[in-house]
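Participant: Line order of the protein sequences matches chains A and P. Counting from 1, one number per residue, gives the positions in the first sequence under UniProt numbering. Counting from 1, one number per residue, gives the positions in the second sequence under UniProt numbering.
Check the hints yourself; a few may be wrong.
[To be verified] Derived CB-CB ranges, DEER-like: (1) Asn250(P) <-> Ser65(A): 41 to 51 Å; (2) Arg17(A) <-> Lys231(P): 48 to 58 Å; (3) Thr3(A) <-> Pro378(P): 26 to 36 Å; (4) Glu18(A) <-> Asn250(P): 11 to 21 Å.
These aren't lab readings, by the way, just hints derived from the structure by calculation. Even glycine gets a Cβ: it sits at the ideal position worked out from N, Cα and C.
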Amino acid sequence: MRTSIAHLKRGQKGVIREFPDDLLPIKLLELGCLPGNEVELVQVAPFKDPLYINVNGSHIAIRRSMALKIELDLIEDIPSI
Amino acid sequence: MSKQINVALIGNPNTGKTSVFNQLTGLNQKVGNYPGITVEKKEGICKLPRGVKAHIIDLPGTYSLNTTSLDESVAVELLLNKNDKDHPDLAIVISDVENLKRNLLLFTQIKDLKIPTILVINMADRMARKGISVDIELLEKKLDTKIALVSTRKKIGIERLKELIADYKNLSIAPNVDTTVIAPEYFKSLQETFPKEDLYKLWLVITQDVNFMPLEKNLVKDASSFNTKSKSELKRLQQKETIKRYQFINSILKETYKVDINAAKGIKATLDKILTHKIFGYLIFLVILMTIFQAIYDWSSIPMDFIDESFAAASEWVKTSLPPGMLTDLIAEGILSGIGGIVIFIPQIAFLFLFISLLEESGYMSRVVFLMDRVMRPFGLSGKSVVPLISGTACAIPAVMATRTIENWKERLITILVTPFTTCSARLPVYLIIIALVIPEGRFLGLGYQAMTLMLLYLIGFGAAIISAMLLNKVLKIKSRTFFVMEMPNYKLPLLKNVIYTVWEKTKSFVFGAGKIILAISIILWFLGSNGFTDKYENAESIIEKRIQDEGLSAFNQENIANDIAVYEIALNDSIAKNVYKIGPEQVTDSIKSYQKELFEKAKHQEIASFKLENSYIGNMGKAIEPMVKPLGYDWKIGIALITSFAAREVFVSTLATIYSVGSDEEDTIKNRMSAEMNANTNKPLFNLASGISLLLFYAFAMQCMSTLAIVKRETNSWKWPLAQLVFMTLFAYIVALIAYQILK
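The shape of chain A in the complex, shown without the other chains (with noise of 0.2 Å):
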């Protein structure tokens, strides 16, 4: 199913599709935040935003408007807790 970061739920993950070449700063690219790579949605703040995430190893938090640009495969289903 295809999706965006910010549209998952806690625990949730998904793979990073292709994605056109501006999109995002060379630094997340930097961080894994790579076409093919994992992305599990750890944590979201009060008021929705930032996300916290995990991608390929790194521990980081994003703000919702780049998440949503993010767009992925979504692996699998857990059950919202």
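Given chain A, work out where chain P should sit, using these hints.
Facilitator: Chain P in isolation, oriented as in the chain A frame:
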């Protein structure tokens, strides 16, 4: 044999780079700024085997050589610029064993610059717990380098690292990854245009966002012969480079790095769940903030009182044991009290940085930013601005120093500029005495008017900070990265050594950085307050003595002495009646007479001091600004106090005590004297509701603190920002106080 090797420590944030630096250099370190910018420069000396010494620079943390901030460009510039006196003979890349994959990205980039590069794998003590095993020998072969497996916590591996540094000449400088394959033709034409230059170095110069090394950048721009690329094309190539490097790293780690997925990984997840929780997260943060606040506000008052008393005693000692004269006064009242005014801040600074370094070291600070980012964003502030803003309620000086943890320069600058609006503890004595004078004691809905006024003043302080932050966010045109990516590091027990170093280094940088300015201004203020233009100042003693002979003491002092004597007489007679003393009536009269004489002498000295202050340079300045402060409801006496309290706000009270020749520091006495004071211009009490509110508001907004200005100068590395602060805050305070007085009078 004493050749120094230049060594650069470089690594991702949160890899324990500073711990390695501390282990290598001990206390042989120096912290300053890179010339012209506010990026912190840490360097130190390390003794190596065989009598060699290394000069070690701790470069700002970075994830790669693709710079997005000034801090990172400092690192890249040093690595690229062979002419820099600090250009490293050897680079040491510090990595964290748990994030080795990501850390190696930076390693391969530096290796490709053909600088000898050692890899340090830090936090080796965590390997067993995390089920990680690394084949070091194979990894050394694949990366073509030497590796030191280090645990700064357990003090393992540092000796081996020193050996490796001393042997740096045996390291290979062959690159890891061939970058040119991502665009062969482009790189071919680049090489043809600059046959002498290293290709990867050229590539870095071309692709950096930050404008460094203007010469080399122009060189590249001017050359029209090779086919240039558009920005987005370059960006695509950078992405390709990153992917290429990750491919290389993944292929190596597959053979050398194993993680047992069954090993414990629970603690981080559990802590995160609690610490970033919607309710508990905020509650815990609140408790931590309160503790910090309590520490700087309450706990530090004990050492502060001690410092205060010690310096007063030292000054007294100088005055009595040195021959009287200008030099003695300079030492006792100018220099000693100036130094005292610097040292007094040390407890607050030490306490705040003790807590901040604990928060940073433990990894908790990132969670604070995570919690607060959304709340602070509309004000142009960072989640990290919360700690400085709250600690500003105790004192703005450590608070401004604490903004160093905010990486984004614009957010940091805004935080520095607005922090002095929060109600610091030095405003409190001023507030308390004026509130006691002009606000009635009654209650409304169970709340005292006086307490409510004080609370309102605190709220006004925060409000001013928040609103000016919003305005500055709109007005300041500072280019800074607009995106937000923050690593959430692992939780760690803070290393005591690192905490102590931070506290020590921050205190030192305040005392020697801002201290000079504070001392200079205190000496100037002392000079202006203890010298005058006219004979009146010089002959103050004889003028006052003559006046007292002719007219007696001032009415206030006469009344006070009469009261004191009456009380004394009653107490004395009481004691005699109770047989505590056995003395005759003559002795009683003598005793009263000698007490009266003592009080008279004291009052005389106060009147002389008051006359001297009135006729000193500062006194003349106070009179000169009277026309300006008259519309605010003040007279020249308050004018003088406004000028002297520039040293520190609380000086306002003691200056008024001197002007009104009230000898005692007793707040009630000063208060009584102030409430009796009439405004010569309006013939109403000087401290009435209108002028009182006007004074309160003036002190709420004005930048009445030279020490804050000094620290802002140090932290922003320019006079521009502290001067802007001084002008805008004072102007704003003036306008608000003016409006308040004109409406209320």
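Participant: Starting from the hint 26 to 36 Å, judge whether the C-beta atoms of threonine 3(A) and proline 378(P) obey it.
Facilitator: holds (28 Å)
Participant: Kindly confirm whether 48 to 58 Å is satisfied by the beta carbon distance between arginine 17(A) and lysine 231(P).
Facilitator: Between arginine 17(A) and lysine 231(P), where Cβ atoms are some 24 Å apart, the hint is violated.
Participant: Taking the CB of asparagine 250(P) and the CB of serine 65(A), does the distance hold inside 41 to 51 Å?
Facilitator: At roughly 30 Å between Cβ atoms, serine 65(A) and asparagine 250(P) fall outside 41 to 51 Å, so the hint is violated.
Participant: Quick one: are glutamate 18(A) and asparagine 250(P) within 11 to 21 Å, going by C-beta?
Facilitator: At 18 Å between Cβs, range holds.
Hints 1 and 2, counting from the list given before, are not met by this structure.
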